[in-house]
Amino acid sequence: MTSPKINETQQVSPKNTMFIIGMMQIGVGLLSFQRIAALNSAQDAWFPVLLTGASTLIIMGVIFRLLENEKPYGTQELFSMHKRFFGTIVGNALNVVAIAYQFMVGLVFLRAYIEIINVWIFPKLSPLAFSFIFSVIIWYLVMGGFRAITGIFYLSFIYILPLNLVDFYLIGDSHLSNLLPMLEHMPYDYLQSFFKMIPCYLGFETILFYYPFLKRPKEAKQWAMFGLTLTTSVYVTLCILGTVYFSHGELMTQVWPIISFWKSIHFPLFDRFEYLGMILWIWALIPSFALGTWVVSRGIREITGYIKQKYALIFVFLLNILFCTIIHNRLQINLILHYLSYVGFGFLYIYIPFLFFWQWILKKKRRRKHV
Amino acid sequence: MLWFKKEKEKEKINTDTRKTDHPKNVRHLLNQLKRNPDFVHYKHVGGSFSCWISFFSSLINDESIHRDVLPFLYSDKIRSLDDIRKNVPIEKMIRTSDLKEIQTKLMVGFILIQIRENSNNALLIPSVLREGRQIEKSEVETSIIGAKEAFVEAIDTNISLIRKRIPIPQFTVEELRVGKISNTRVCLTYIDGIANEENINTARQRIKDLEIDHLIDTSALSQLISDNARSPFPVFIDTERPDRTTAGLYEGKIAVLVDGSPNALIIPTTLVEFFNAFDDYFVVWHFATAYRLLRLFAVAFSVLSSATYVAVLSFHYQLVPTDLLGALITSRSVVPFSPMVEALILEIMIELLREAGARLPTKVGQTMGIVGGIVIGTASVQAGLTSNVLLILVAMSALAAFTTPNYKMGTTIRFLRFPFIVAANIWGLLGITVCFTFFVCHLLRLTSLGRPFIEPIYPLRLIDLKDSFIRFPYSHQTERPMFLRPGDPSRFDYKRSKKRAGIQQNDIDE
Amino acid sequence: MKRLISLISCILFLALSGCVQPSIIDDILMAEAEGLDYLGDNKVLGTITVPNYVTGGVSGSGGGGLPATAAMMSSASAITYDGKSLVEKLQVKGQKAIRVGKLRVMLLNKAYLQHGIRKLIEFRNQDPDVGRDLYLIMVDGSTKELLEGTYQTQIPISRYIYDLIFHNQEKNFPLSNMKIFMYKYYGAHMNAYMPIIKKQGKHIVLTGYALIENNRYAGTVMGDNANFIFKSLLETVNLGYYDYEYKPGQHFVLEDIQSTISYKVKNGNGAEPKITAQVKMSGNVRQGNPEIKTKNYYTKMKKKLQNHLENRMENMVAAFQKKGVDPIGLGDIARSYTRHFNDSSWEDHYPNAQFRAHVSIDINETGSSEMHDSSS
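Each protein sequence line maps, in turn, to chains A, B and C.
If you count by our numbering, then the first sequence holds residues 1 to 371, one letter each, in order.
If you count by our numbering, then the second sequence holds residues 1 to 510, one letter each, in order.
If you count by our numbering, then the third sequence holds residues 1 to 376, one letter each, in order.
In short, the hints are calculated from the structure, not lab data.
Keep in mind it's a predicted model, so treat the numbers as computed, not measured.
Wrong hints could be hidden among the right ones.
Claimed, not checked - To give an idea of the chain C side of the interface with chain B (calculated C-beta under 8 angstroms), a few residues:
| no. | residue |
| --- | --- |
| 1 | Pro22 |
| 2 | Ser23 |
| 3 | Ile24 |
| 4 | Ile25 |
| 5 | Ile28 |
| 6 | Asp129 |
| 7 | Gly219 |
| 8 | Tyr298 |
In this text, a Cβ means the ideal position worked out from N, Cα and C, and glycines have one as well.
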């Protein structure tokens with residue numbers, strides 16, 4: 001089946017974990033989260049945003065323990081873990097669910113981006129054409145292996161981060177009093193916002209799949225935590241910026257508040273920054289999509305055991321193009337996003353701790369047998 | 001060698017037809033060569049010794065043969081071939097009876113001496129005519145400060161130019177032969193102990209494995225051994241400057257020389273190095289950094305400017321500042337074409353000018369430039385073929401492309417524009433980004449001798465960043481580039497260098 | 001085989017993606033100003049103007065394309081209904097596609113404001129094409145007449161209006177572009193306002209501000225330096241000036257005024273909330289009666305001016321309270337100062353709120369002549 005050891009030439013340095021996690025979490029969700037976060041907790045939205053960010057750190061800790069504990073038993077990744085925990089049949093069934101989830105995440109990202117382009121720039125851009133060209137490019141990238149994918153994560157990190165800094169342009173138009181009075185809401189409001197923010201932070205769990213590709217994985221932990229902290233700080237600052245820049249009533253009318261941010265920014269040669277911003281945002285999409293398809297195609301190879309990853313990859317892309325064409329309005333996208341957020345929540349906050357617990361039980365059992 | 005083997009096998013199968021073409025013995029060979037007018041073959045009859053002498057008059061050094069070889073044959077001391085060997089003051093004479101060797105040596109300027117005309121037993125005396133260009137000033141990679149010498153076509157001269165600059169025994173020259181027919185000399189040079197073993201092995205292997213009949217130039221070699229033959233990007237630098245080559249060798253790179261080519265191939269390289277002129281090392285680091293950044297900006301500008309023009313004017317009119325709208329629209333309003341056609345016309349015109357300038361003799365070429373630049377440019381605007389603004393943009397971007405120090409990379413940069421322009425016409429800025437993404441993916445996957453091509457950007461290596469887009473002062477360049485994985489990574493000790501420079505100071509005025 | 005696949009994909013790519021609609025910069029008409037006159041009964045007379053770039057001609061261009069002085073459509077109007085985009089309606093009059101991406105000013109007449117602007121604002125907010133530095137302006141009179149009128153200046157009317165407002169808002173008039181309008185329009189406990197312009201002979205003048213309450217016209221801020229008072233209540237002033245008539249016929253002018261304002265609210269949920277505004281001003285005096293340059297007079301005048309400004313500010317807020325409009329956003333300020341702010345009762349308490357302004361003025365210099373006491 002699969003080679004248990006990954007060749008060192010295909011492994012990447014652990015500091016790349018930071019870029020991967022950072023860019024997985026910054027996606028199309030970032031463009032619209034300000035409204036969603038403020039929906040229930042108005043001027044205090046930054047607090048639940050911060051809370052969700054903090055909770056990802058805890059989950060990340062659990063994931064790392066889970067992976068590190070797996071070391072004596074085989075490949076440290078979710079697919080083989082499932083098989084070891086639950087047997088081949090149940091394990092593979094769970095693997096199918098996992099890759100289906102990853103597939104849907106990538107798909108919805110792509111489709112949501114096309115939707116933004118349709119609304120703001122090219123109303124007539126056909127999803128088929130775009131997803132096709134996009135898939136061809138990502139296919140070319142993924143064929144370069146995990147190293148190339150990591151490279152694109154790193155580069156997009158370099159491109160996207162300054163794009164977020166541009167938003168500080170607007171600090172002159174801010175109304176700081178909008179943040180007052182602080183922490184006025186009920187815990188229930190925060191909880192709702194907390195839950196609504198989870199989909200934005202999703203994506204860091206992919207480390208369950210690429211962990212064996214990291215050199216010196218122990219060092220990766222600190223970089224992963226650093227990446228999570230970085231994205232949390234990006235989300236919190238942008239959330240605060242959104243609160244002080246828009247009045248609450250206006251924020252509620254903005255579907256993509258960040259793009260409205262960009263609308264007010266002028267550069268000497270580019271009068272309207274939002275066009276550049278949105279188009280450069282494709283760089284937030286490329287790496288997550290590439291990693292998503294890589295995970296899915298790898299999963300197909302792991303489950304079947306005989307389909308080569310490169311053939312599985314083509315299949316995944318064809319499926320992507322197909323679904324992108326089928327989904328044709330915002331309602332459907334929102335519906336899928338809605339369900340995905342439930343699945344993501346369940347996966348991270350319930351299933352991962354459960355797996356950790358299960359692993360502990362197995363360990364106990366084994367020890368008892370030995371005794 | 002391979003060629004002979006194969007041909008021998010063929011010969012076995014089909015001896016009759018091949019008989020005339022391939023000599024089976026010395027007599028046969030000589031008969032074949034006698035057909036050439038520049039082949040000299042005669043019997044020398046001396047007092048005590050007579051022999052057959054044959055050589056190519058066009059390949060041997062006339063002076064040396066009359067001074068150092070022929071007079072000795074009249075000497076009484078000489079009675080056999082071995083005696084010649086003892087008495088003639090020329091080194092590296094070969095005593096052989098191998099037909100193959102006789103043939104190859106004859107073809108490179110050896111004198112063949114036999115006792116009897118048909119005897120395989122022969123003495124080969126080297127008297128190679130070294131006629132070639134004098135070492136001249138570099139023409140392609142000119143520099144204002146620094147050494148002016150450039151490589152010439154003769155490989156031995158080139159090696160001497162390098163060896164003069166690396167006076168240590170560790171400097172190694174490995175000779176390989178490439179080309180089934182041409183059998184061209186290819187020299188792999190590196191500094192043993194600094195260059196990475198793996199790199200040397202890979203390079204050697206790639207050159208040895210070449211399946212080709214003849215090799216003319218380093219440029220051909222660089223394409224043949226490149227990691228991705230389909231890539232438009234050159235992955236090895238070719239330079240005509242011995243000083244640049246030497247600097248590369250000191251960093252731990254390998255230089256490949258090909259006989260007959262006035263260029264050295266420096267392998268492996270990174271993308272950034274293509275945009276570093278060697279002059280950068282001769283000016284203070286502030287300006288070196290500024291010029292490097294300027295050149296990188298020029299590359300971006302050159303690739304993207306006309307494409308951005310097409311995208312913005314075709315799709316994103318909102319992006320144009322209101323004050324600029326008037327200028328753009330007035331200059332565009334008389335042009336009957338779409339922005340893409342307009343841009344293509346101008347770009348192709350510029351390419352034509354460049355190509356014509358390159359093919360014509362220097363003096364005519366200059367006139368071409370003036371005629372093209374001023375007359376055609378102005379006329380095409382007045383005729384309403386293109387707009388003023390675009391003319392400025394395209395001329396600027398052509399200028400920017402020529403700031404690239406490496407000619408081959410410059411060519412790549414200029415041609416990259418075309419896919420960008422087409423993409424811009426299809427999807428505007430989105431198309432440009434998609435096209436850009438594709439090239440970035442391509443560069444990410446590209447390797448140079450197995451080393452990542454866009455290092456130090458990815459994988460990020462801070463040590464190598466010190467001499468890439470920016471150049472740190474020499475005192476900070478304590479380590480050799482990491483991407484080469486050099487045998488000895490450290491150049492010198494930073495603390496000691498600081499101490500010697502007397503920079504450490506306890507307090508003011510102390 | 002591989003080549004065939006790539007060839008097919010290339011063709012497919014070109015075929016599929018040919019559908020993006022281009023708007024080549026010289027093949028479109030860019031509407032830069034849009035005017036709406038309400039005619040009653042949900043009918044609206046809409047006018048757009050398009051700057052005519054080609055009329056000027058291109059120097060040095062001889063052939064091809066358009067003749068150098070081609071007359072393009074420069075303005076058009078048509079009757080449509082409320083909340084509908086004008087572009088489709090007017091397209092029949094334009095020889096090229098009309099685009100609104102460069103819209104810079106949007107003019108509405110008083111009747112339109114009285115009719116209500118919700119539909120229009122919703123539409124503008126949804127339209128991604130238009131930038132956020134657009135000016136929404138009320139016209140005193142007919143927008144069609146204003147847009148189609150002739151003026152001393154040759155520059156397109158849209159830029160004339162835009163520059164006029166932009167320049168003045170750097171000085172004495174409160175900022176009021178789309179960004180700020182939307183903030184105030186959608187925000188709770190605050191009301192939006194827009195500048196008023198008027199055609200006066202061969203000029204356009206900026207006269208004051210129209211207040212919007214509950215998406216309808218609710219009075220104006222106008223006259224005798226009122227804009228400066230309004231601006232200093234709303235935001236930081238950087239380059240203001242104030243002409244103060246301290247005695248009938250005797251003036252002095254405070255120039256280059258820097259002014260900041262900070263509010264404090266007490267008892268925000270009570271029946272009579274107390275709002276205090278602290279205004280700090282500094283400026284120069286260069287023009288005015290020579291007598292104010294004497295030392296005694298100078299301090300006296302400063303006091304007088306402070307009291308005068310305080311009175312004007314308090315009067316202005318009182319007028320707002322009377323009308324029930326809150327362009328300053330005092331309600332929002334009260335909300336930010338009050339824990340568990342009672343949103344619903346604020347509307348009742350607002351007219352009873354006590355507003356006090358404290359102005360402190362600092363005069364930096366009085367020009368290049370010495371300040372001396374003439375009496376000594």
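Hint check:
{"no.": "1", "hint": "Pro22", "result": "holds (5 angstroms)"}
{"no.": "2", "hint": "Ser23", "result": "holds (6 angstroms)"}
{"no.": "3", "hint": "Ile24", "result": "holds (5 angstroms)"}
{"no.": "4", "hint": "Ile25", "result": "holds (5 angstroms)"}
{"no.": "5", "hint": "Ile28", "result": "holds (7 angstroms)"}
{"no.": "6", "hint": "Asp129", "result": "holds (7 angstroms)"}
{"no.": "7", "hint": "Gly219", "result": "violated (33 angstroms)"}
{"no.": "8", "hint": "Tyr298", "result": "violated (44 angstroms)"}
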